[in-house]
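Trainee: Okay, here's what each chain looks like letter by letter:
There are 2 protein chains.
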Amino acid sequence: MSKEKPVIIIDAMGGDFAPGITVDGTCQMAAESNAHFILVGDETRIKAELKKHSYNEEQISIVHTPEMITNEDSPKTAIREKKNASVLLAARMLKEGKGDAMVSAGSTAAVILSASLYIKRIPGVKRAAIGTVFPTLKEDKTKSPYSVVMDVGANICNSPDDLVHYAYMGVAYLKEVFNFDDPTVGLLNIGAESHKGNDTMKEAYKLLSSRSDLNFIGNVEGNDITNGKADVIVSEGLTGNIAMKSVEGVAESVKKLAKMALKGKLIWRLGLLFLSGGIKKIMKVASYEEYGGAPIFGFDKLVIKSHGRCTAYAYKNGLRTALEAIDRNMIGFMRDSISKFEADKISE
Amino acid sequence: MSKEKPVIIIDAMGGDFAPGITVDGTCQMAAESNAHFILVGDETRIKAELKKHSYNEEQISIVHTPEMITNEDSPKTAIREKKNASVLLAARMLKEGKGDAMVSAGSTAAVILSASLYIKRIPGVKRAAIGTVFPTLKEDKTKSPYSVVMDVGANICNSPDDLVHYAYMGVAYLKEVFNFDDPTVGLLNIGAESHKGNDTMKEAYKLLSSRSDLNFIGNVEGNDITNGKADVIVSEGLTGNIAMKSVEGVAESVKKLAKMALKGKLIWRLGLLFLSGGIKKIMKVASYEEYGGAPIFGFDKLVIKSHGRCTAYAYKNGLRTALEAIDRNMIGFMRDSISKFEADKISE
Numbered sequence: 001m002s003k004e005k006p007v008i009i010i011d012a013m014g015g016d017f018a019p020g021i022t023v024d025g026t027c028q029m030a031a032e033s034n035a036h037f038i039l040v041g042d043e044t045r046i047k048a049e050l051k052k053h054s055y056n057e058e059q060i061s062i063v064h065t066p067e068m069i070t071n072e073d074s075p076k077t078a079i080r081e082k083k084n085a086s087v088l089l090a091a092r093m094l095k096e097g098k099g100d101a102m103v104s105a106g107s108t109a110a111v112i113l114s115a116s117l118y119i120k121r122i123p124g125v126k127r128a129a130i131g132t133v134f135p136t137l138k139e140d141k142t143k144s145p146y147s148v149v150m151d152v153g154a155n156i157c158n159s160p161d162d163l164v165h166y167a168y169m170g171v172a173y174l175k176e177v178f179n180f181d182d183p184t185v186g187l188l189n190i191g192a193e194s195h196k197g198n199d200t201m202k203e204a205y206k207l208l209s210s211r212s213d214l215n216f217i218g219n220v221e222g223n224d225i226t227n228g229k230a231d232v233i234v235s236e237g238l239t240g241n242i243a244m245k246s247v248e249g250v251a252e253s254v255k256k257l258a259k260m261a262l263k264g265k266l267i268w269r270l271g272l273l274f275l276s277g278g279i280k281k282i283m284k285v286a287s288y289e290e291y292g293g294a295p296i297f298g299f300d301k302l303v304i305k306s307h308g309r310c311t312a313y314a315y316k317n318g319l320r321t322a323l324e325a326i327d328r329n330m331i332g333f334m335r336d337s338i339s340k341f342e343a344d345k346i347s348e
Numbered sequence: 001m002s003k004e005k006p007v008i009i010i011d012a013m014g015g016d017f018a019p020g021i022t023v024d025g026t027c028q029m030a031a032e033s034n035a036h037f038i039l040v041g042d043e044t045r046i047k048a049e050l051k052k053h054s055y056n057e058e059q060i061s062i063v064h065t066p067e068m069i070t071n072e073d074s075p076k077t078a079i080r081e082k083k084n085a086s087v088l089l090a091a092r093m094l095k096e097g098k099g100d101a102m103v104s105a106g107s108t109a110a111v112i113l114s115a116s117l118y119i120k121r122i123p124g125v126k127r128a129a130i131g132t133v134f135p136t137l138k139e140d141k142t143k144s145p146y147s148v149v150m151d152v153g154a155n156i157c158n159s160p161d162d163l164v165h166y167a168y169m170g171v172a173y174l175k176e177v178f179n180f181d182d183p184t185v186g187l188l189n190i191g192a193e194s195h196k197g198n199d200t201m202k203e204a205y206k207l208l209s210s211r212s213d214l215n216f217i218g219n220v221e222g223n224d225i226t227n228g229k230a231d232v233i234v235s236e237g238l239t240g241n242i243a244m245k246s247v248e249g250v251a252e253s254v255k256k257l258a259k260m261a262l263k264g265k266l267i268w269r270l271g272l273l274f275l276s277g278g279i280k281k282i283m284k285v286a287s288y289e290e291y292g293g294a295p296i297f298g299f300d301k302l303v304i305k306s307h308g309r310c311t312a313y314a315y316k317n318g319l320r321t322a323l324e325a326i327d328r329n330m331i332g333f334m335r336d337s338i339s340k341f342e343a344d345k346i347s348e
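Chain order of the listed sequences is A and B.
Take 1 as the starting number for the first sequence in our numbering and just add one per residue.
Take 1 as the starting number for the second sequence in our numbering and just add one per residue.
Because the hints were derived from the structure by calculation, they are not lab data.
A virtual CB, placed ideally from N, CA and C, is assigned to each residue, including glycine.
Heads up, a few of these hints could be off.
Unchecked claim - No farther apart than 27 Å at their CA atoms in a straight line, the calculated lysine-lysine pairs in the BS3-like style are these: (1) B:Lys259 to A:Lys196; (2) A:Lys76 to B:Lys83; (3) A:Lys265 to B:Lys98; (4) B:Lys51 to A:Lys265; (5) B:Lys83 to B:Lys98; (6) A:Lys47 to A:Lys82; (7) A:Lys259 to B:Lys263; (8) A:Lys138 to B:Lys202; (9) A:Lys76 to B:Lys265; (10) B:Lys265 to B:Lys255; (11) B:Lys265 to A:Lys138; (12) A:Lys196 to B:Lys98; (13) A:Lys47 to A:Lys126; (14) A:Lys196 to A:Lys138.
Said to hold, decoys possible - Residues on chain A that point at chain B, a partial pick, calculated with CB under 10 Å: (15) Ile190; (16) Ser194; (17) Asn329; (18) Phe333.
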């Protein structure tokens, strides 16, 4: 394991279309980098997929395991009963230093439970977080076209300290992976004023305001998620989850509306057709396919979760995210800023 | 005040375009009903507006007050300092039995504070709630095209009992005002399983499940708001507010996207134009303009809040909501079902 040649451990069996898209995406990323990729999973099936692609054999190796966690499994039970499931083995290998990051398109619960079993958290961090990346319509092109909201459901409740940790982690993510300077931080709340919200939010507001190394812009509301008022939006897991799914619900309804229009008059169909190019162009810069996967935040080693139904192209971009984060030492930046926060708490 | 001739007390000065649209909407509704309307506000300005319309003079009267709460006022301060503001006077008149309902397009905070000052809550109810009506895309045309989510921000935290009260109030609203039988009730939560969420949600789940007079379908998630999985969605104020604003945010972003398309190629503009008829037709059944205003839930008398920026047509429909709710005795139904719930709690 050297900085010059990063090693990515891949849960080759995780995801709805594994190992087809995981192997395909890996071969694509191998061609675009000098990294090494360890495919963890059923050797026979992985080899069958590898045959479909041309790749540099020195860049890809296989670690065989016959077990895997499927969509039919309850993640909690499977984690106990399938000790050699590909996702668990990948996490164990990451712990043992056999790679710099693990990437999985398996279920979020399975990935978090596997990582929790083997990977320590960043010193000071008590609760891991799931971040969701939202495309936003920011006018200012020098800002990140994405917002990251976290936690969106790894937890129900969080402490004010958790929310400060998430702010630092989100900032490191946008800075080091997306290359955006000085991301702004907002606290998801019921109103803009500093006294709004529950006790956790009020205390988090104070803590976030007191940190000169955070660009905290104050409370933000639900509608600020998609308008991009803040680059990093921190939230307790319960509220973050409900916000994220509310946004997703509208996206689903818009798709349904489009389908209804398609069943309607010819002129509506033409309208959709004419418009689709414009929508695609506007949205491309922030599309899910382009970033491919996001870290599970809070672990002291890099754990990337890709979408369960992602394409090989999106999977490749998830691997690129991993390589970028390794190259830029994203976890190190999280560790440093959080340890500074923890030290300041003690000295106060 | 008689059942035959309902009397509506109107905060004529409340809303961004008052008294223009409030007077216009009132004249429209007067023409479509036999109700009496009391316009509360600046007599000179109201009379100037009335002159623009033809109406039956027996149906409309004016109660003069020179004071009003404007957008520039802090509602909390204004409620204390402007004792004769139109919205406060309207609430006082409602208390004194001078009408069957009050309607205001003033700020939500001003309306709730005014009502709280003078109107008792439904027996058993501890906290008033704001409900937001969402258009949904339900396939089943016999179901309500609207969902109502409450509370969306009158409170931060709520008790499990509050959430049961809200369920009964939402059901009475959809049944008596929108005429939909047996509305379903869902609990906004972080996941579908009964053990999900915080302690309040877990306890509320149990209470709601135990009520045979509620069609409770279990937990619903953020994306279920717009897909219409449940007709009535109950939530603590904090989570409901964040969910509501998250949905609104996407709607704002879609509008912004459309604007960007309008600035783009001719073909995109044509696309939007072709599609607009279809979107309008699909959305019409559930548009905001059609229902015009929603009750502030929990008061023992009918308090209707219309949108601050609503049109005269929407305002008229808010008045229609008031008349419908009076005619169908909506508050009475809320009172009965909640008192039954409260009695059952004691006898258990």
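Trainee: Run every hint past the structure and note whether it holds.
Mentor: Okay, the hints, checked on the actual structure:
no.	hint	in the structure
1	B:Lys259 to A:Lys196	violated, 33 Å
2	A:Lys76 to B:Lys83	violated, 60 Å
3	A:Lys265 to B:Lys98	violated, 52 Å
4	B:Lys51 to A:Lys265	violated, 44 Å
5	B:Lys83 to B:Lys98	holds, 18 Å
6	A:Lys47 to A:Lys82	holds, 22 Å
7	A:Lys259 to B:Lys263	holds, 25 Å
8	A:Lys138 to B:Lys202	violated, 39 Å
9	A:Lys76 to B:Lys265	violated, 52 Å
10	B:Lys265 to B:Lys255	holds, 17 Å
11	B:Lys265 to A:Lys138	holds, 21 Å
12	A:Lys196 to B:Lys98	violated, 37 Å
13	A:Lys47 to A:Lys126	violated, 40 Å
14	A:Lys196 to A:Lys138	holds, 26 Å
15	Ile190	holds, 5 Å
16	Ser194	violated, 14 Å
17	Asn329	violated, 33 Å
18	Phe333	violated, 29 Å
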